[in-house]
Every structure is written in structure tokens, then in C-alpha cells.
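Q: One-letter residues, chain by chain:
6 protein chains.
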Amino acid sequence: MSDQVQLVPGNTLITDTPEEGRQLAIKLARLTIKITQPDAAMREKLRPVYAENASMLIVIGATVAAEFATIAQANNYWR
Amino acid sequence: MSDQVQLVPGNTLITDTPEEGRQLAIKLARLTIKITQPDAAMREKLRPVYAENASMLIVIGATVAAEFATIAQANNYWR
Amino acid sequence: MSDQVQLVPGNTLITDTPEEGRQLAIKLARLTIKITQPDAAMREKLRPVYAENASMLIVIGATVAAEFATIAQANNYWR
Amino acid sequence: MSDQVQLVPGNTLITDTPEEGRQLAIKLARLTIKITQPDAAMREKLRPVYAENASMLIVIGATVAAEFATIAQANNYWR
Amino acid sequence: MSDQVQLVPGNTLITDTPEEGRQLAIKLARLTIKITQPDAAMREKLRPVYAENASMLIVIGATVAAEFATIAQANNYWR
Amino acid sequence: MSDQVQLVPGNTLITDTPEEGRQLAIKLARLTIKITQPDAAMREKLRPVYAENASMLIVIGATVAAEFATIAQANNYWR
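Chains as they are written, first to last, in the numbering used here: chain Y, 1 to 79; chain P, 101 to 179; chain G, 201 to 279; chain V, 301 to 379; chain R, 401 to 479; chain W, 501 to 579.
If you're looking for bench data, these hints aren't it; they were derived computationally from the structure.
There may be inaccurate statements among the hints.
No more than 30 Å apart at the CA atoms, straight line, and that leaves these computed lysine-lysine pairs for DSSO-like [to be verified]:
(1) W/527 x R/434
(2) W/545 x R/427
(3) Y/34 x P/134
(4) Y/27 x Y/45
(5) W/534 x R/427
(6) Y/34 x W/527
(7) P/134 x G/245
(8) G/234 x V/327
(9) G/234 x G/245
(10) R/445 x V/327
(11) G/227 x P/127
(12) Y/45 x W/545
(13) G/245 x G/227
Label pairs and their computed distance ranges (CB to CB) [to be verified]:
(14) W/539 x Y/17: 41 to 51 Å
(15) G/241 x Y/52: 26 to 36 Å
(16) G/205 x W/514: 38 to 48 Å
(17) G/279 x V/338: 23 to 33 Å
(18) G/244 x V/349: 22 to 32 Å
(19) G/247 x W/576: 25 to 35 Å
Cβ atoms here follow ideal geometry from the backbone N, Cα and C, with glycine treated the same way.
When you get a sec, could you build the whole thing from the sequences and use the hints?
A: Below, the structure written as C-alpha cells:
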């Protein structure tokens with residue numbers, strides 16, 4: 001698939017806290033974009049497109065919510 | 101990732117009531133937008149774009165629903 | 201967050217029947233829109249936009265489905 | 301909420317078979333549209349808009365998948 | 401609902417393998433489109449619209465992922 | 501359905517690590533596109549459309565998140 005991009009940092013879904021779980025969710029979402037568009041220059045060009053677009057910011061939020069759902073379950077919700 | 105933005109207020113998914121769980125869901129959704137677009141002035145500029153757009157209001161609702169699903173499960177649905 | 205809007209009517213996800221669970225799902229979805237756009241006049245202005253737009257009606261349906269999934273699980277599917 | 305529209309036909313998520321569960325999923329999706337747009341004439345006007353639009357057909361499919369996920373779980377997957 | 405279209409082939413979510421489960425997920429997604437747009441000629445007309453449209457291909461993928469999630473759980477993930 | 505395309509590589513959802521699980525999620529998402537648009541030349545033509553489009557990159561991310569949720573659960577989150 002890809003030799004360069006690590007898709008799951010630390011190769012684990014387990015985190016110490018919800019805060020770290022949330023950070024991992026954001027990283028997973030970003031790494032999917034990275035492997036789909038491996039060209040860093042192109043990603044830099046696209047970054048302001050979604051950071052300054054209300055609609056895209058919302059859909060990014062939905063993706064992070066989905067990643068976080070999996071991570072939260074993996075960690076038994078840090079109960 | 102980010103030193104400034106706390107992504108999970110209180111660093112817990114546990115809340116006393118469904119009402120507080122719902123408030124947390126909305127906060128999580130907003131904090132994802134905040135970390136993706138850290139520039140407060142830009143966020144202020146974008147706010148009316150989605151608050152006055154029916155389509156975006158609906159997609160925000162879908163994101164909050166997803167965040168809430170995780171929080172509700174974390175709290176065993178406050179049963 | 202908001203002092204005026206109650207996000208979870210009755211502050212519970214438990215309902216007597218699937219029918220009431222479905223009504224709650226619709227209410228939750230609407231209350232997210234209400235807190236995101238607290239201006240009643242603006243909401244009234246937006247209402248026909250999505251009630252008369254096939255695409256938006258469908259996405260509203262997806263959101264209600266997501267809210268209902270959580271409520272159904274909270275109620276152990278009224279089995 | 302609504303006195304006229306029944307949102308969950310039969311007021312149960314339990315069905316005899318996966319086939320009937322799928323039919324219920326489609327009904328639930330349609331009934332959300334019905335309560336959001338109670339005007340039958342308007343719904344009739346909108347119907348061809350999504351039946352002849354590839355993009356909308358796909359999003360309807362996503363909504364039905366979500367409704368079915370809940371119904372399948374309610375029925376313990378008819379195992 | 402519909403006398404002609406069978407919505408769940410074989411009327412079961414149980415399959416022998418993940419591969420067959422994935423095929424079923426694709427069939428379920430297609431059958432929802434079929435019942436929403438029963439006119440075969442119209443479906444044929446729409447087919448190239450989404451097969452040649454990057455955006456629609458992606459959303460079809462999301463729907464298949466959702467259908468597969470349910471089927472995988474029904475089969476206890478073929479563990 | 502399809503004799504040529506294998507939809508689940510290795511015909512299993514079980515992987516050794518989260519990293520491999522994530523790779524499988526991306527493969528599943530791509531294979532759905534492959535079976536929906538079997539023409540390789542057309543897929544090649546569409547590839548830059550979504551790799552250079554911020555909005556599509558985000559929706560691809562949402563699909564991968566959904567596929568990964570299923571795989572992670574199949575593997576009991578590699579706990």
C-alpha cells in the first residue's frame with residue numbers, strides 16, 4: 001500500500017486520556033488525506049481551501065467524530 | 101498536535117445527565133472546527149455562512165448526532 | 201453553552217415506545233439546529249428552504265436516523 | 301409533535317425476517333420525509349427530483365442503510 | 401411496500417465469508433436504488449452518471465461501508 | 501456479482517496490527533470504487549479529480565473511517 005506513510009501513529013488505538021484519543025482521531029483523519037494525496041505541495045495548496053470553507057470544516061468535523069467513535073470504544077470510553 | 105486548544109473539555113466523556121452529554125457533543129464538534137481553523141477572525145467570518153445556510157445547519161446536526169452517539173454510549177445512556 | 205435551549209427534552213433518552221423514540225430523535229435533530237441558529241426569525245426563513253428541497257429532506261432523514269440509532273440502543277430496542 | 305403521521309409502523313422495530321426489516325427501514329426513511337414535509341402535493345412534486353437524480357438516490361441509500369443498521373441490531377440480526 | 405423487488409437476497413444477512421458479505425453489502429445498496437427508482441430504463445440512464453463521477457463513486461463507497469458494517473456484525477465478523 | 505474483483509483481500513477482516521487494519525480499510529474503500537467503475541482507464545482519469553479536490557479528499561476520509569470502524573471491531577481493537 002504505502003511504505004512511507006504510517007497510518008496509525010504508534011500502531012495502537014489505546015490512549016491514556018480522552019484528550020489524547022481525540023488528538024489521535026484528528027491524526028487518523030489527516031493521515032488518510034496524506035496517503036490519498038501523497039504530494040505535500042498539493043496538500044499545502046489544498047489546506048486553505050477547506051480551512052476557509054464553512055462546508056468543508058463541517059464535513060471534517062463529521063470525519064473526526066467517526067474516527068473518535070472507534071478510538072473511544074477501543075479505550076472502553078476511558079471509564 | 102496543538103498546545104493551545106483543549107479538544108475534550110474536562111478530559112472526560114462522562115457527564116451527569118443527557119443534557120450535559122448533548123452540550124459536550126456540541127462542544128466537541130465546535131472544537132474540531134477550532135483546531136482545523138485556529139484563526140478566530142476567520143472562524144467569526146465563517147460563522148454566519150453556516151448559521152444562515154439550511155444545508156450546513158443540517159450537516160452540523162449530523163455531526164452532533166455522531167458525537168452524541170459516542171458520549172451516550174460512554175455514559176451507558178444514563179440508564 | 202446555552203441557558204435557554206433545552207437540548208434533550210425531559211433530560212432522558214428513555215421512552216415508552218419506538219414511536220416516542222422516533223419523535224425524540226426528530227426533536228433532538230431540531231434542537232441542534234435551534235442552538236446553532238438561535239434566531240427564530242432566521243430559522244423560520246430557512247424552514248421552507250429545506251422543506252421544499254429534495255436533497256435537504258434526504259439529509260435531514262440521515263440525521264434523524266443517526267439520532268434514532270442512539271435512542272433505540274438506550275432503550276434496548278424496546279424488546 | 302405530530303398527531304397525524306405515525307413514525308414507526310406497528311410501533312415496533314421487531315420483524316420476522318431481514319426482508320421485512322429492510323422494508324421497515326425504507327418506511328422509516330420515508331416517514332421522516334413525510335413529517336418534515338407534510339404537504340402531500342409538495343412531496344409528489346419532489347419525488348421525481350430525487351428518483352431521477354443519481355446523487356440523491358445514493359444518499360437515500362445511505363439513509364436506508366443507517367435505519368437498517370438499527371433494525372438489524374434490534375432483531376439480533378435474525379440469527 | 402413492493403411485491404416485485406426482493407430487498408435482501410436469500411432473506412438472510414448470514415454469509416459464509418467476508419467476501420460474500422461484501423458482495424451482499426453491494427447488492428443491498430443497489431436494491432435500495434432499485435426500489436426507489438423502479439424504472440429500469442431510468443436506472444440505466446443514471447448508471448454512467450455515477451460511474452463516471454468521482455464524487456458519487458465516493459459516496460457509493462460510504463454506503464457500501466455502512467451496509468457492510470451491519471452484515472459483518474451479523475456474522476460476528478467471521479471470526 | 502463480479503468474478504474478477506476480490507472485494508476483501510485475503511477474505512478476512514482479521515489483521516495483526518492497527519496499521520494493517522487501516523491499510524485494509526483503505527483497500528476496501530478502493531475496491532468498492534473498482535467494482536462500481538470496473539474500467540481501469542476511467543478510474544485513472546478520475547483519480548486526479550479527487551486527489552486534487554479538497555472536498556472529495558474529506559469524504560474519502562469519512563469512508564475510510566467507516567470501513568476502519570468495522571475492521572477495528574472485528575479485531576477487538578487489537579487490545
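Q: Hints first: check each against the structure and report whether it holds.
A: Okay, the hints, checked on the actual structure:
About 27 Å separates the Cα atoms of residue 527 of chain W and residue 434 of chain R, which keeps this hinted pair within 30 Å; it holds. With a C-alpha separation of about 26 Å, the suggested pair residue 545 of chain W and residue 427 of chain R falls inside the 30 Å cut-off, and the hint holds. For the suggested pair residue 34 of chain Y and residue 134 of chain P, the alpha carbons sit about 21 Å apart, so the restraint of at most 30 Å is met. A hinted pair counts as satisfied when its Cα atoms are at most 30 Å apart, and residue 27 of chain Y with residue 45 of chain Y qualifies at roughly 19 Å.
Between residue 534 of chain W and residue 427 of chain R the alpha-carbon distance is near 15 Å, which keeps this suggested pair within the 30 Å criterion. The straight-line distance between the Cα atoms of residue 34 of chain Y and residue 527 of chain W is roughly 15 Å, inside the 30 Å bound, and the hint therefore holds. Under the criterion of a C-alpha separation no larger than 30 Å, the hint pairing residue 134 of chain P with residue 245 of chain G is consistent with the structure, at around 28 Å. The straight-line distance between the Cα atoms of residue 234 of chain G and residue 327 of chain V is roughly 27 Å, inside the 30 Å bound, and the hint therefore holds.
At roughly 13 Å between alpha-carbon atoms, residue 234 of chain G and residue 245 of chain G fall within 30 Å of each other, so this suggested pair holds. This hinted pair checks out: residue 445 of chain R and residue 327 of chain V have alpha carbons roughly 26 Å apart, not beyond 30 Å. About 19 Å separates the Cα atoms of residue 227 of chain G and residue 127 of chain P, which keeps this hinted pair within 30 Å; it holds. Under the criterion of a C-alpha separation no larger than 30 Å, the hint pairing residue 45 of chain Y with residue 545 of chain W is consistent with the structure, at around 21 Å.
The suggested pairing of residue 245 of chain G with residue 227 of chain G holds, with an alpha-carbon distance near 19 Å, which does not exceed 30 Å. The supplied range of 41 to 51 Å is met by residue 539 of chain W and residue 17 of chain Y, whose beta-carbon atoms lie about 48 Å from each other. In this structure the supplied range 26 to 36 Å holds for residue 241 of chain G paired with residue 52 of chain Y, their Cβ-Cβ distance being about 28 Å. Roughly 46 Å separates the CB atoms of residue 205 of chain G and residue 514 of chain W, a value that falls within the hinted 38 to 48 Å.
In this structure the supplied range 23 to 33 Å holds for residue 279 of chain G paired with residue 338 of chain V, their Cβ-Cβ distance being about 31 Å. Our hint of 22 to 32 Å for residue 244 of chain G and residue 349 of chain V holds, since their Cβ atoms are close to 24 Å apart. Between residue 247 of chain G and residue 576 of chain W, the C-beta spacing of about 46 Å breaks the proposed range 25 to 35 Å.
Hint compliance for this structure: hint 19 is the single one not met.
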